[in-house]
Amino acid sequence: MTETPLIKIKNLNVEFPLGRTLFGKPPMLRAVNDVSLEIMPGQFYGLVGESGSGKTTLGRAILRAVPISSGEITFDDADIHYDVGSLKKKDLKNYRKLAQLIFQDPYAALSPRMTVRDIIAEPLEVMGLTKNREETDERVRDIAAKCRLNLEHLRRFPHAFSGGQRQRISIARTLVCNPNFVVADESVAALDVSIQADILNLLKALQNQLGLTFLFISHDLSVVAHICDHVAVMYLGSLVESGPTRKLFDNPSHPYTKALLSAIPSLDPDERTKAQKLEGEIPSPANPPPGCKFHTRCPMAEDRCRKEAPQWRELSQDHYAACHFV
Amino acid sequence: MSLLTVENLTLQFRTDEGLITAVESVSFEINSGEVLGLVGESGSGKSVTAKSLMQLNPSNAVYSPESSIQLELENEVVDVLSLQDSSELVVVRGGAISMIFQEPMASFAPALTIGYQMVEQLLIHTSMSKKAAATLSVEMLERVGISDAGQRFHQYAFELSGGMRQRAMIAMALSTKPKLLIADEPTTALDVTIQAQVLDLMKDLVSEFGMAILFITHDLGVIAQVADRVSVMYLGRIVESGPVRDVLHSPSHPYTKGLLHALPKLDELDKPLTPIPGDIPSPLERPPGCVFHTRCPEVLADRCNVSIPTRTKVSQFHTASCFAIDSTGKAA
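Protein chains in written order, with the working numbering: chain A, 32 to 357; chain B, 9 to 340.
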């Protein structure tokens, strides 16, 4: 591709201090470890992994919601170029308009004391994007219609809505300031299946309509398979495999990706397999294993895996994995 | 007779807004050594149904007079709803029936060790000595696959990972040798790889202990993996039930069909996801007639919104409550 990526991440590390020490530096927990990836404009980029794999931290680092320890994140759109790690006041404010977040739990994300209209209008008012109330109202009505909310809903309070409707309110609030890039962090995880499909279709429709780029964070591989064009799999802070959705799901290369895929419970009662199930649990990121981080649970692990971290290699076009055996 | 027989269970909650129906005319039975899956979305009444088996619902719950829950034990038949105070309820609460919950962190007391809590319930339900109870507890922890069980026994819930906590919860629930285990979304809070481990463990335990499991979940995939029979609930009613193969391979009720279509499937990536139209009605505005008619794509005018469909036989053990299925069992 000759296009420039919208988001480009190079050797990103995010570390958190573990407690405080009187002298010297406290031990650090590396939540994101040497991650590099590129998100193209208009892409629906999926990020999967178990809890504790660092996917949320990575998403937040891109939004500058957590401090970046080292590495580089750049944002390029037409004539705008931002080095996300070193943004200062005014630029950071501008960046916040361009990059937004949809939260996981629509029950916790909406203030119970504000009407839906006020909730959706708040970003416009805070960022001073509109000149007067009429303009604000127009923008709110416009985005509400796009998110399939009735005008009559705008006067009500969040408690009157079901989970699916709340998530639509939450999406409307995220999109009201016309961002280019949206991080959707487990945005359908708290919803029922019948509603989940509706929200996924809505996100996809909004992407086409508004030309958005998504980073879709999820632990659910079947959801990611359906909605994303490109998928990256994370384990203990590092990327283990990434590639176009089809390639990755038809031909998973890393043993972790394979195990994740086979752990999805099949809908067919005749397919009760016990094959390829992972033993053990994800190790603590405060004390990651040496060598390949996955070796403690990997069915293929050998001596080499315990000592030497595997390289990130291109297997076929756009399909990468980090494993000694691929 | 089956181990547990529930008939016409109707349960309402007294609230400031009036009586709210949570469960309506629910009937099912569970045999020993069988796993019955109960699926439905949030608000469908599956947890409330399970809790009424142990009378765990809050005090504003009103059971209708027709409701009956019979539990058959070796030497007696217990009428669960007639049990009055907690001393009588001990027979079902933790005795013949144990329950494991969705969020294992919230189910353990944070300030007491895992071991203390395991021993405590054994002392209440059995005539074991403290020492014997401790030995059995460590054995159970080992049985569910917790390494260094002796050490874990003295630890607190926060020192265990999510998967391990759920294993400890299962060990605790099984140590009193219950006849029926109620598992309320036991794997929902777990990662897929851990979920697969816990499901395998539960399947092994059913065959080893020969108990029955009432498995509550919203995930049809999990049901396909563990259940023998399944009942699908919507707004407090069971709309379809039958052997898991029949229900998942040839669903009859439009709601079950809708749920299956809405599910993203890995082998059908090109098919668009079809959501069930509309939202679940608020429990305050319970639709008349068939509860699903407000969202049903196969709704029949002047019929579904007026009268309540009865259970119709689809095949030998497979039933569904829908007017669109005619008496021959074929979907119209």
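Hints listed in this document are in silico derivations from the structure and should not be mistaken for laboratory results.
The beta-carbon is built from N, C-alpha and C at its ideal position, and this holds for glycine as well.
A hint or two may mislead.
Unchecked claim - Only pairs whose alpha carbons sit at most 27 Å apart, straight line, appear in this in silico DSS-like list of lysine-lysine:
hint : chain 1 : residue 1 : chain 2 : residue 2
1    : B       : Lys211    : A       : Lys278
2    : B       : Lys139    : A       : Lys289
3    : B       : Lys279    : A       : Lys177
4    : B       : Lys138    : A       : Lys308
5    : A       : Lys289    : B       : Lys59
As the list claims (entries may be wrong) - If you want the ones that stay clear, here's a sample from chain A, every Cβ over 12 Å from chain B, calculated:
hint : residue
6    : Lys41
7    : Asp223
8    : Asp229
Quick rundown of the hints versus the structure:
no., hint, in the structure
1, B/Lys211 x A/Lys278, "34 Å, violated"
2, B/Lys139 x A/Lys289, "45 Å, violated"
3, B/Lys279 x A/Lys177, "24 Å, holds"
4, B/Lys138 x A/Lys308, "37 Å, violated"
5, A/Lys289 x B/Lys59, "38 Å, violated"
6, Lys41, "29 Å, holds"
7, Asp223, "4 Å, violated"
8, Asp229, "4 Å, violated"
In terms of the numbered hints stated before, the structure departs from hints 1, 2, 4, 5, 7 and 8, listed from lowest to highest.
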